[in-house]
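Undergrad: In the order they appear, the protein sequences are chains A and B.
Numbering-wise (the numbering used here), the first sequence opens with residue 1 and increments by one.
Numbering-wise (the numbering used here), the second sequence opens with residue 1 and increments by one.
Because the hints were derived from the structure by calculation, they are not lab data.
Treat the hints with care, as some may be off.
[To be verified] In silico DSSO-like cross-links for lysine-lysine, where the CA-CA straight-line distance does not exceed 27 Å:
#1 B:K36 to A:K501
#2 A:K359 to B:K36
#3 A:K489 to A:K572
#4 A:K522 to A:K688
#5 A:K640 to A:K573
#6 A:K522 to A:K642
#7 A:K560 to B:K36
#8 A:K520 to A:K640
#9 A:K474 to A:K359
#10 A:K560 to A:K572
#11 A:K501 to A:K572
#12 B:K36 to A:K489
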Amino acid sequence: MKRAAVFLILFFLGVAINSYAQNCQETLRGLIVDEENIPLAHAAVSIRKTQTLIISDANGTFVFRNLCAGTHSIQVTFIGYDTQVFEVQVPSAGAITVRLIPSRTVLPNVIIESDQISRSASQTSAGLQEEELSALHGKPLGESLKEIPGVSALQTGPSIFKPMIDGLHSQRILILNNGIRQEGQQWGVEHAPEVDPYIASQIEVLKGAETVRYGSAAMGGVIIINPPPLHQTEKIGGELNLGLMSNNRMVVFSGLVEGSMKEGSGWSWRLQSSVKKGGDYHAPKYNLSNTGLREFNFSGAVGFKDEGRGMEIYLSSFNTRLGILRAAHTGNLNDMQRSIESNRPWYVENFTYAINHPKQEINHHLLKISAYQQVRDLGRISVLYGGQYDQRNEFDIRRSGRNARPSLSLNLISNVLDVSLDHEHTAHSGSVGINGTMKVNTNDTDETGVRPLLPDFQQLSGGLFLLEKWKNNKWIVEAGGRYDFQHLKVFTFINNRDLIKPEFNFNFLSGTLGTTLLFKPKFRLVSNFGISSRPPHASELYSEGLHHGTASIEEGLMRKDGDVLTEQSLIKKEFSRKWISTLQFTGQGLSLDFSVYYNDINNYVYIKPTATRLTVRGYFPVFQYEQTDAVLMGSDAALKWKVSEMIILNSKFSYIYARDTQHDDVLIYIPPAQFENSFTLSLPAIGKLQSFYVGLSVPITFHQSRAPMVVYPLDIDANATPERVFDFAPAPKGYALLNARLGFKVPVHDHSLGIILSGENLLNTTYRNYMNRLRYYSDDTGSNFMLRLSYNFLSH
Amino acid sequence: MTRTNSFFAFLKTAIFTISAALPILFFSSCEKGDPKPVNEEEVITTLEVALVPVGGGIPVNLKFFDVDGEHGSSAPLHTVSGPLKASTTYTATIELVNETVNPHGDISAEVEEEANQHLFCFETDGSIAIEYSDEDENGLPLGLITSWVTGAAGEEEVTIVLRHQAGTKTGQCPGDGETDVEVTFGVTVVD
Numbered sequence: 001m002k003r004a005a006v007f008l009i010l011f012f013l014g015v016a017i018n019s020y021a022q023n024c025q026e027t028l029r030g031l032i033v034d035e036e037n038i039p040l041a042h043a044a045v046s047i048r049k050t051q052t053l054i055i056s057d058a059n060g061t062f063v064f065r066n067l068c069a070g071t072h073s074i075q076v077t078f079i080g081y082d083t084q085v086f087e088v089q090v091p092s093a094g095a096i097t098v099r100l101i102p103s104r105t106v107l108p109n110v111i112i113e114s115d116q117i118s119r120s121a122s123q124t125s126a127g128l129q130e131e132e133l134s135a136l137h138g139k140p141l142g143e144s145l146k147e148i149p150g151v152s153a154l155q156t157g158p159s160i161f162k163p164m165i166d167g168l169h170s171q172r173i174l175i176l177n178n179g180i181r182q183e184g185q186q187w188g189v190e191h192a193p194e195v196d197p198y199i200a201s202q203i204e205v206l207k208g209a210e211t212v213r214y215g216s217a218a219m220g221g222v223i224i225i226n227p228p229p230l231h232q233t234e235k236i237g238g239e240l241n242l243g244l245m246s247n248n249r250m251v252v253f254s255g256l257v258e259g260s261m262k263e264g265s266g267w268s269w270r271l272q273s274s275v276k277k278g279g280d281y282h283a284p285k286y287n288l289s290n291t292g293l294r295e296f297n298f299s300g301a302v303g304f305k306d307e308g309r310g311m312e313i314y315l316s317s318f319n320t321r322l323g324i325l326r327a328a329h330t331g332n333l334n335d336m337q338r339s340i341e342s343n344r345p346w347y348v349e350n351f352t353y354a355i356n357h358p359k360q361e362i363n364h365h366l367l368k369i370s371a372y373q374q375v376r377d378l379g380r381i382s383v384l385y386g387g388q389y390d391q392r393n394e395f396d397i398r399r400s401g402r403n404a405r406p407s408l409s410l411n412l413i414s415n416v417l418d419v420s421l422d423h424e425h426t427a428h429s430g431s432v433g434i435n436g437t438m439k440v441n442t443n444d445t446d447e448t449g450v451r452p453l454l455p456d457f458q459q460l461s462g463g464l465f466l467l468e469k470w471k472n473n474k475w476i477v478e479a480g481g482r483y484d485f486q487h488l489k490v491f492t493f494i495n496n497r498d499l500i501k502p503e504f505n506f507n508f509l510s511g512t513l514g515t516t517l518l519f520k521p522k523f524r525l526v527s528n529f530g531i532s533s534r535p536p537h538a539s540e541l542y543s544e545g546l547h548h549g550t551a552s553i554e555e556g557l558m559r560k561d562g563d564v565l566t567e568q569s570l571i572k573k574e575f576s577r578k579w580i581s582t583l584q585f586t587g588q589g590l591s592l593d594f595s596v597y598y599n600d601i602n603n604y605v606y607i608k609p610t611a612t613r614l615t616v617r618g619y620f621p622v623f624q625y626e627q628t629d630a631v632l633m634g635s636d637a638a639l640k641w642k643v644s645e646m647i648i649l650n651s652k653f654s655y656i657y658a659r660d661t662q663h664d665d666v667l668i669y670i671p672p673a674q675f676e677n678s679f680t681l682s683l684p685a686i687g688k689l690q691s692f693y694v695g696l697s698v699p700i701t702f703h704q705s706r707a708p709m710v711v712y713p714l715d716i717d718a719n720a721t722p723e724r725v726f727d728f729a730p731a732p733k734g735y736a737l738l739n740a741r742l743g744f745k746v747p748v749h750d751h752s753l754g755i756i757l758s759g760e761n762l763l764n765t766t767y768r769n770y771m772n773r774l775r776y777y778s779d780d781t782g783s784n785f786m787l788r789l790s791y792n793f794l795s796h
Numbered sequence: 001m002t003r004t005n006s007f008f009a010f011l012k013t014a015i016f017t018i019s020a021a022l023p024i025l026f027f028s029s030c031e032k033g034d035p036k037p038v039n040e041e042e043v044i045t046t047l048e049v050a051l052v053p054v055g056g057g058i059p060v061n062l063k064f065f066d067v068d069g070e071h072g073s074s075a076p077l078h079t080v081s082g083p084l085k086a087s088t089t090y091t092a093t094i095e096l097v098n099e100t101v102n103p104h105g106d107i108s109a110e111v112e113e114e115a116n117q118h119l120f121c122f123e124t125d126g127s128i129a130i131e132y133s134d135e136d137e138n139g140l141p142l143g144l145i146t147s148w149v150t151g152a153a154g155e156e157e158v159t160i161v162l163r164h165q166a167g168t169k170t171g172q173c174p175g176d177g178e179t180d181v182e183v184t185f186g187v188t189v190v191d
């Protein structure tokens, strides 16, 4: 495998060098609009160096062909408007938008936006930009994403966050890490994505079904993690970050250096790394013993860009060790009952950096190779290969010196290959593409000596998609379709003795239809309807056994009463219809983003208690994967009000209503309503301090009134299996926290040092979060003060 | 380079990429043979209590047996060989066995080896008094060997709990830790 990878790298290098010959055939497209986004026809657009002049057409668009790569200075003039001169990097990632300001206004500001090619135009999206990310540095990905309305996290303690979009998680959420579909062990509730958020300069969350472009994993939405694009620099530049957190006495350090091989060669590179070391977190009244963490990540990228072509090789490695709250480890239901009844975890020790059992160790390595070529009259062809190796070891508390051996050891090797062709014309644009994925999951049972919860499996899948959009100055309409094929082979046992290898072939379709309407200058309506389907994941089909440390037995859809089913016809695909619409208003001082969605899912896979089983440790509940029909609907809203140049008020709200329509019941693990208000005061320079701001925010989490019925662990016995989905304890009451942040920049030589001081849960409020699975055992974390220093010596 | 050429060159690149990636797919899928069934060493299938009356009499045996351990769906069997005699002192010896492996795993030996991390706890309705007859190296009770003193005749429920208390053992029941065993027997005490 190694040899093949080396071969592949050499091959790509060869191709890239080979194609280094100069030819100027870049295309630059753009749109000229006024400050109210009305396209301007007959504006004069010229390239200053070559004196090429073009007049924008009736739709305000212009196209320059046969440009050489590099930086071009562009001038746009139009009567009654200020002349704009700006520099643009060719090739540009998409069409550029030039906004002209009427001559009378005093702010001659040009705004250049690039159209995202990674998503549909009719998609509801929200994101975190570089500035917000720098204030969140050091936090796990899932926790950072909670800043976005409608995005929440299913949590296992203070360091394991599983992102959730509009109430869906795991198999239904896709993470696109630097363009590659993340393939990791994320099937369990306690499995967080294996991604270092430090690599990102921008994170975008698409809330509608993006299954057409990305396949069934994108049913519930997509999280796009984008590192800054590799670019030509004059000198070696970089960035150093240091973060200190008081709650778990964590130190985070990250660094980045980037540069160009030789000026004008088109080659550039980047190296990045981050290290984290944290000890036990603490709740207001006690230490959360054994919640320390270590993390070491690095990545490297080499890229080449030339006229209409480019390539990139990217390698990354994510390595972490996470302690799991000691008191959350339960042997049986009696243990759990004691934990729920007690206000305090049964194991509380003094603060330590040491990580003992139970713990998780995860290593995720990624190799990405991508290349694109612009072909005249055809468009842009992109090829992307990603190889990933994910290793997850979970360590339990065992007898007789077996602690050194993991209780779960999974290896997942995956290969993804995407080939796509994007075309762009004045009135329409679109993509066609194919995706292929091959996954091999194995358990190292020689190492564990424990029967695996998730069986070994091999999965081969392929998809073909077509997306097209038509645009006009008032609307964009978009439609697309996709066909997927999946072959799944599972290796499992009947009665832990006889190996069987059931094989399945699935064919499924997805489709999308959406529109963007610019019906008033300041109003924009984005609406998307998507249908998507997915066959259940191997874990949902064939999981079997005792989930260690949680005192429960889990059984997949294809296991019923000790039998193992293998008939393909028994598998029902999950089928979702999601409609999401967003109304955006962008005014001078006020901007509003309001979205509503309705997601109707047939054969929704969930886990439900179906029986109790007497074991040597007493009665255990048996949780069986089942399918039902579910509806999730809700609303996310964000409001920004710029009261004055100095004061900004922000409000965020999200609410989900989820219902099991077949059983007329609630769904478990649906985030309660959230409402957050914040206030930011920005000041002009104070002495040497620049970009000074201070902010306060009050996030309010409501009580989940639609939580499942409660059956305390001790009320579970052999004769009374709950009919409905239940929870071991009632949903905790709502709570409000107080957070504050202060930031500024100090010039250091030619560069600047950014300093952010922030505090979370300043009042040290004691609370439990419904979405944290460790709420049965302990309170959530207390106050946390953070200092983040960021020194930027980038030279671009 | 003409444009058509560059397009074909690109196609060639794409095809080569795929063929270069294929060996990776192949290697990764053929690396490992079929998985083998796992015989867990830690499973406890059997708990046996041998009750021997002090000064002679009929011994009594209590047995819990779960053929497939805590994983499988087959129901465990409780066997009580006979009634206990009222107002009698018995010496009780607990044996834990894993019968899913061959030779059988001696779990009681593992517990004894880690005596300072384990503690047996006993719950009764009250008319059987159970006292520890063994201890760990710290002088704290263990419970593999106990003494049972029966009271008057009647029906009794005895629950035997094994607590795993790595680093937290104080000798108190239930104390902090996890439960490894929890088995309840119904016994009859006769005159």
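Undergrad: Decide, hint by hint, whether the structure agrees.
TA: Hint-by-hint comparison with the structure:
For a cut-off of 27 Å, the pair hint linking K36 (chain B) to K501 (chain A) stands: about 12 Å separates their Cα positions. Restraint check: the Cα-Cα separation between K359 (chain A) and K36 (chain B) comes to about 26 Å, which is no more than 27 Å; the hinted pair holds. Proposed proximity of K489 (chain A) and K572 (chain A) is supported: the alpha carbons are some 17 Å apart, at most 27 Å. For a cut-off of 27 Å, the pair hint linking K522 (chain A) to K688 (chain A) is broken: about 38 Å separates their Cα positions.
As the CA atoms of K640 (chain A) and K573 (chain A) are separated by approximately 41 Å, the hinted pair breaks the 27 Å bound. Annotation: proposed proximity of K522 (chain A) to K642 (chain A) holds, straight-line Cα distance about 16 Å (limit 27 Å). The suggested pairing of K560 (chain A) with K36 (chain B) holds, with an alpha-carbon distance near 22 Å, which does not exceed 27 Å. Taking the CA atoms of K520 (chain A) and K640 (chain A), the gap is near 19 Å; set against the 27 Å cutoff, the hint holds.
For the given pair, K474 (chain A) sits about 55 Å from K359 (chain A) by alpha-carbon distance, which is inconsistent with the 27 Å threshold. Distance hint between K560 (chain A) and K572 (chain A) is fulfilled; the C-alpha atoms sit about 15 Å from each other, no more than 27 Å. The suggested pairing of K501 (chain A) with K572 (chain A) holds, with an alpha-carbon distance near 19 Å, which does not exceed 27 Å. In summary, the hint linking K36 (chain B) to K489 (chain A) is supported, as the alpha carbons are separated by about 16 Å, within the 27 Å threshold.
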